[in-house]
Structures are given as structure tokens and as C-alpha cells.
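Engineer: Listed here are the chains, written in short residue letters.
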Amino acid sequence: MQTINISTTKNKEIIDLTDRINSLLSKGAKLCHLFVKHTTCAVTTADLDPGTDKDMLEAFWEMIPKLNYRHPHNPAHVPAHIASSIIGPDVTIPIKDGELDLGTWQRVILVELDGPREREIIINFS
Amino acid sequence: MQTINISTTKNKEIIDLTDRINSLLSKGAKLCHLFVKHTTCAVTTADLDPGTDKDMLEAFWEMIPKLNYRHPHNPAHVPAHIASSIIGPDVTIPIKDGELDLGTWQRVILVELDGPREREIIINFS
Amino acid sequence: MQTINISTTKNKEIIDLTDRINSLLSKGAKLCHLFVKHTTCAVTTADLDPGTDKDMLEAFWEMIPKLNYRHPHNPAHVPAHIASSIIGPDVTIPIKDGELDLGTWQRVILVELDGPREREIIINFS
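As given, the protein sequences belong to chains P, Y and B, one line each in that order.
Be aware that the first sequence starts at 755, since it is given in our numbering, and climbs by one per residue.
Be aware that the second sequence starts at 755, since it is given in our numbering, and climbs by one per residue.
Be aware that the third sequence starts at 755, since it is given in our numbering, and climbs by one per residue.
Quick caveat, the hints were computed from the structure, so don't treat them as lab data.
There may be inaccurate statements among the hints.
Treat identical chains as interchangeable: a pair holds within one or across any two.
Claimed, not checked - Here are the simulated lysine to any residue pairs, SDA-like style, with alpha carbons at most 25 Å apart:
1) Lys850 to Arg861
2) Lys820 to Asp773
3) Lys820 to Ser880
4) Lys820 to Ile877
5) Lys784 to Leu854
6) Lys850 to Arg871
7) Lys850 to Ser761
8) Lys791 to Asp851
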């Protein structure tokens, strides 16, 4: 088990984790599992052509309905919670020749939806 | 492999699975995989502050467009199917010191979207 | 590690992968992990009653907002990227008695959102 700590710098932000994870890869592992210990950020994969990060963040935000939420501390956080639960807190990626076996344009991303915050990502190889 | 059986009691409901899964944890396991054998419920993680369950269910429902669906038995079920496929039937969570290694406010949840029903969740440790 | 290659034939299409994966299952494996090496398709599970594939594709498309996207090559691809990142590039399914341990109506699906294309799915058993 290893941990990546990320200090996000914006309220909404896409962070490319690919190179950091590749630098941690265990020899002989077949799969890499990532998990965020948080409820207002998520992990997935995506194409990160210039501008695509902003496109994704705008779309995620627009998709979540702005209802009269009940959340006791801050109802304004609810859309970030909902988008995080849908995108999901985890992803598992195969490993080949000592690197994440991604598609040509595919990157592993952290989707920050309520930053800036300190984020902890747990990595397990199997 | 172990199985959790849950009888949901409402049409739409969020059920916190965290304590039940923690009570099943295998000594020495690094990862816990959950899978629902169903097409109208899903598993993910979320903050469960009071009212947040209702917030999430309303938002999931509002997000899914109400189109003229073709489903042969009951077109009214289609939004539950679609939300389930998007949230996803599985999640993998790391284990630390004999417990699910979740964030402070993070819980593992079953999202029931077409209850009340008997739900079966398959748990594997690795 | 094994690979499934699929030539999709439509721009948007749901392809049932269940039988192909069952034919590859390793003896003694407990879990099957699928991963798509792409950013405009995804894998999940769903009920595939007749017409449900079209229902899902229409709903996915309708859900993604049509904003003024920045993507440098083809902004029209952005909704396919976003839906793929949300549905997700991977799913893990338990194995029982030499077959995927799915629910009665549950199938493993590839969601093609920008075809027709050659798609590569990486399969790992553990």
C-alpha cells in the first residue's frame, strides 16, 4: 500500500496522476487500484487535450441539478458530493511492461470538486 | 467470497453498508470488492450527513432524462436502470488495520432505485 | 492478461460482452477485471431487454449538457468523453462456478459512444 498526497489549488480542478503513479509501480504487479478517501473528489480516466479539463468540470457541474438540498452544514456542497459518488472513488488499471496500460490519449485523473484541499489517494498493487 | 443480503424497504433508499462489511473483514486482506447482482441498484461511497441520502436520491432522479423509453415490461423502470449503470455495480475499497480505509465522513452505500426488493451483494477480499 | 478486440459498427452502440468473457475465464479465479484503453467508450453492467440499449444511449446523450466546448480537435467529441469518464473505463465482476456471477438479467456491456472504431478491452483474472 502506498499513498499519494495532493494539494489541490482550485475549487474545481482536474489533476493528471499518471506520471506519479507510474513512478510508484511495483515490479511484477498486474493491477493498480486507486482510491480517494474523500467525498467531494473522484478518480477516473480521460483524454486531457488542452481545454478538456475545463470542458469536463463545466459539464459535471451543469449535469447535477441545483435543487433545494438539505445538507446540514452547507447545502452548496451537495452537487460536489453527488458528482463524486457518480464518477466514483476508485479505479483499477492494468499494468504492462512496468507502466499503466492506458490508451494513447488516456490519463488517470483526480477530479477535484470542492477544493482547494489536501487529498489522499491510496494505491494498492496486486 | 461472502454474501450480504439486504431487504430494502422503500422505492428509493440509501443504505449504509460500512459496519456490516467491517464485521466480515478477512484478516490479512488488502482490498475489499463489493458487487451487486442487480440492474436497478448500485454501490459507491458518500458522505451520509442527515438529509444527504434524500438529496442524493432526488438528484439522481432529476438527472436522468424522462424520455419515451422502449423497455418492454415497464418503461418506468428505465431511469433506475440508467442511474444504476452510471453509478456502477461495484466498488473496491482498501483495508487498513482490519477496517475499510475510508475518509472521516466517507461511508460505503447501497443505492436502491427500484425497491423494496431483496438485494444480494457479493464481497471478495484480496 | 487477455485482450478482447471489438470492431464496433455504429456511432453509439451497446455491446454485450458476457459470453465472450465467460469463454475466457481462468480456472480458479475469483474476480474478473475489465478495462477499456479508450476515452470515448466505457464498461458497466445492465439489463439488456429489447430496446434497453437504445434507451440507455439516448439517456446518456441527453444527460450530458451541450455547452460551448473547447476541445482542440473536435468539440463535438466532448459529450462522448464526459459520458465515458462518468460511466467509467473499468468494472470488476466476481466469478462463481467458472462463470461471471451476474444477476438474472445483468449483462456486462461495452458502451460505444464515438464509433465505429476498433476497441481493445484488457481482461485480468485474480
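Engineer: Which earlier hints turn out false for this structure, listed by number in ascending order?
Structural biologist: The structure breaks hints 2, 3, 4; every other hint is satisfied.
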